[in-house]
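Peer 1: The primary structure of each chain is shown beneath.
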Amino acid sequence: MDDSSNENEPRRAWMSLLAKAPAGRVAALLDAAMARPEFTWLRAPEIGSVMVRGRAGATGQPFNLGEMTVTRCALRLCGGEVGHAYVQGRRKADAEAAALVDALMQSPAADAVRRHVLEPLEAEARAAQAARAAKAAATKVEFFTMARGED
Amino acid sequence: MYVAVKGGERAIENAHAWLAEERRGDRDIAELSIAQIREQLKLAVDRVMAEGSLYDPDLAALAIKQARGDLIEAIFLIRAYRTTLPRFGASRPVSTGAMACDRRISATFKDLPGGQVLGPTFDYTHRLLDFKLAADGEVPEAPRAAKAQPAEMPHVTGFLNREGLIEEAPAEDTTPPDLTREPLEIPAGRALRLQALARADEGFTLGLAYSTQRGYARNHAFVGELRIGTVAVEMDIPELGFAIEIGELTLTECETVNQFKGSKTEPPQFTRGYGLVFGQSERKAISMALVDRALRWEELGEDFIGAPAQDAEFVLYHADNIQATGFLEHIKLPHYVDFQAELELVRKMRSEVTDANPAREAAE
Numbered sequence: 095m096d097d098s099s100n101e102n103e104p105r106r107a108w109m110s111l112l113a114k115a116p117a118g119r120v121a122a123l124l125d126a127a128m129a130r131p132e133f134t135w136l137r138a139p140e141i142g143s144v145m146v147r148g149r150a151g152a153t154g155q156p157f158n159l160g161e162m163t164v165t166r167c168a169l170r171l172c173g174g175e176v177g178h179a180y181v182q183g184r185r186k187a188d189a190e191a192a193a194l195v196d197a198l199m200q201s202p203a204a205d206a207v208r209r210h211v212l213e214p215l216e217a218e219a220r221a222a223q224a225a226r227a228a229k230a231a232a233t234k235v236e237f238f239t240m241a242r243g244e245d
Numbered sequence: 008m009y010v011a012v013k014g015g016e017r018a019i020e021n022a023h024a025w026l027a028e029e030r031r032g033d034r035d036i037a038e039l040s041i042a043q044i045r046e047q048l049k050l051a052v053d054r055v056m057a058e059g060s061l062y063d064p065d066l067a068a069l070a071i072k073q074a075r076g077d078l079i080e081a082i083f084l085i086r087a088y089r090t091t092l093p094r095f096g097a098s099r100p101v102s103t104g105a106m107a108c109d110r111r112i113s114a115t116f117k118d119l120p121g122g123q124v125l126g127p128t129f130d131y132t133h134r135l136l137d138f139k140l141a142a143d144g145e146v147p148e149a150p151r152a153a154k155a156q157p158a159e160m161p162h163v164t165g166f167l168n169r170e171g172l173i174e175e176a177p178a179e180d181t182t183p184p185d186l187t188r189e190p191l192e193i194p195a196g197r198a199l200r201l202q203a204l205a206r207a208d209e210g211f212t213l214g215l216a217y218s219t220q221r222g223y224a225r226n227h228a229f230v231g232e233l234r235i236g237t238v239a240v241e242m243d244i245p246e247l248g249f250a251i252e253i254g255e256l257t258l259t260e261c262e263t264v265n266q267f268k269g270s271k272t273e274p275p276q277f278t279r280g281y282g283l284v285f286g287q288s289e290r291k292a293i294s295m296a297l298v299d300r301a302l303r304w305e306e307l308g309e310d311f312i313g314a315p316a317q318d319a320e321f322v323l324y325h326a327d328n329i330q331a332t333g334f335l336e337h338i339k340l341p342h343y344v345d346f347q348a349e350l351e352l353v354r355k356m357r358s359e360v361t362d363a364n365p366a367r368e369a370a371e
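These protein sequence lines map, in sequence, to chains B and R.
When you number the first sequence by our numbering, it's gap-free, plus one each residue, and the end is 245.
When you number the second sequence by our numbering, it's gap-free, plus one each residue, and the end is 371.
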């Protein structure tokens with residue numbers, strides 16, 4: 095698929111963020127920000143798997159590593175905006191919340207959703223990652239030379 | 008004579024009820040929650056996900072609880088569940104070069120960009136039982152460095168190959184075979200072998216890898232790099248027309264660098280073995296890399312010296328613990344009719360021998 099177009103980049107970024115959010119978090123942020131809009135299902139939440147691939151030698155030939163569970167759904171708001179979600183795990187309620195956020199981000203409510211849902215999610219994800227990276231860095235080995243043979 | 012019998016329904020029901028009670032154990036002891044297993048027996052959960060070939064920590068924790076801690080039974084439950092899921096598609100190959108590393112070490116190069124990062128390892132512990140864990144008490148938070156690890160760390164083999172001394176792994180975009188869809192057949196290409204090894208029994212893989220170190224298909228492996236951390240999984244979504252990240256996984260990756268004196272087709276250089284496993288499991292990842300390298304004898308033009316780890320058919324057809332345990336354990340199920348037939352046969356053979364040789368019976 096085409097990765098070069100930047101037009102899809104913002105949506106790609108928020109859908110990726112929603113897919114990786116901790117259980118219940120998107121729903122909590124969304125419900126705190128606003129009342130949920132009416133919608134109709136285009137595809138009710140469905141649990142399935144995705145085959146995860148790796149590459150031999152990290153960069154070579156692709157191979158099938160194993161599957162992961164994924165929940166997906168699609169819905170339409172009264173205004174016609176269509177929201178999609180693919181989220182990791184077996185999480186129908188989270189998929190619904192993620193699809194609502196995806197649809198709302200295409201609606202006039204986009205600014206509010208960005209401020210109250212996406213930005214906090216992003217900050218939390220960044221903080222969690224930074225915490226692990228700081229703990230990893232604390233286990234980095236500092237070598238020092240005990241003796242050097244010169245003969 | 009053939010006699011069909013049935014029965015045992017009540018015995019089976021009662022056995023299952025007793026199993027449930029035994030699983031619960033002493034009711035004066037608090038019951039384990041799925042979350043406790045997921046968080047505190049994480050490496051068991053990781054093994055069940057890796058060999059169950061399905062990444063879902065909650066399901067793996069549930070399987071461990073249901074199986075009373077029997078990990079192969081838990082893997083069996085996960086494999087069975089996996090078959091009930093519709094497959095939405097396949098991901099793009101994960102980019103382990105972009106891994107957010109908890110751990111990243113190299114046994115071959117001391118000073119590498121990004122450094123030697125130990126992570127939450129058992130290495131350098133004294134393997135003395137820690138009785139503090141038997142008492143109550145919280146652990147303090149781990150120290151944090153002021154400066155975090157860089158978000159991306161380059162692979163060791165990538166930046167060390169400027170001299171061309173290490174075999175390359177050029178990118179390809181072929182669709183790999185899938186042994187969950189097509190039965191495993193020999194000869195198996197490397198992609199199929201890696202899939203089989205990624206879900207192979209840890210103990211079997213370890214034993215085979217150890218055999219190569221002891222001299223059966225010796226290829227003198229160094230751990231060029233071992234890394235554990237999280238990677239994003241990206242998938243093309245047809246209804247959107249672009250790819251999104253659908254989640255992130257913890258993976259363990261091992262790249263070995265192996266001595267190679269050259270062959271008819273290849274110059275002397277270092278060759279590589281590769282291991283990639285769900286979760287944190289470096290024993291499995293290193294074992295996988297060693298066995299992968301041993302199985303590559305043919306494509307590298309090495310000799311087949313008859314070592315078990317070189318024999319793809321032997322390795323791949325015996326590495327799956329669910330296939331193995333299924334066939335092994337089925338022999339405890341009723342074989343009354345089979346055995347009756349065997350019994351008749353042995354009686355008949357004996358009577359033939361004694362009829363032909365009456366002196367022998369007299370002597371006994």
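A few of these clues could be false.
To be verified - Facing chain R, from chain B, some residues (calculated, C-beta under 7 angstroms):
{"hint": "1", "residue": "Ala113"}
{"hint": "2", "residue": "Met145"}
{"hint": "3", "residue": "Val146"}
{"hint": "4", "residue": "Ala206"}
{"hint": "5", "residue": "Arg209"}
{"hint": "6", "residue": "His210"}
{"hint": "7", "residue": "Ala228"}
{"hint": "8", "residue": "Ala232"}
Everything labelled a hint here was simulated from the structure, so no lab data went into it.
What you are looking at is a predicted structure, and each value in this text was computed from that prediction instead of being measured.
Note that the Cβ used here is the ideal one computed from N, Cα and C, for glycine as well.
Peer 1: Each hint: holds or not?
Peer 2: Against the structure, the hints come out as follows:
1. Interface hint at B/Ala113: satisfied, since its Cβ lies 5 angstroms from the closest Cβ of chain R, which is below the 7 angstroms cut-off.
2. For the restraint placing B/Met145 at the interface with chain R, the shortest Cβ-Cβ distance is roughly 4 angstroms, inside the 7 angstroms limit, so the hint holds.
3. Taken as an interface hint, B/Val146 checks out: its beta carbon lies about 5 angstroms from the nearest beta carbon of chain R, inside 7 angstroms.
4. Interface hint at B/Ala206: violated, since its Cβ lies 23 angstroms from the closest Cβ of chain R, which is beyond the 7 angstroms cut-off.
5. Taking 7 angstroms as the C-beta contact cut-off toward chain R, the hint placing B/Arg209 at the interface is violated, the least distance being around 22 angstroms.
6. With its C-beta approaching chain R no nearer than about 22 angstroms, B/His210 sits outside the 7 angstroms limit, and its interface hint is violated.
7. Because the closest C-beta pair between B/Ala228 and chain R is about 4 angstroms apart, less than 7 angstroms, the hint holds.
8. Hint on B/Ala232 holds. Least Cβ distance to chain R is approximately 4 angstroms, under the 7 angstroms limit.
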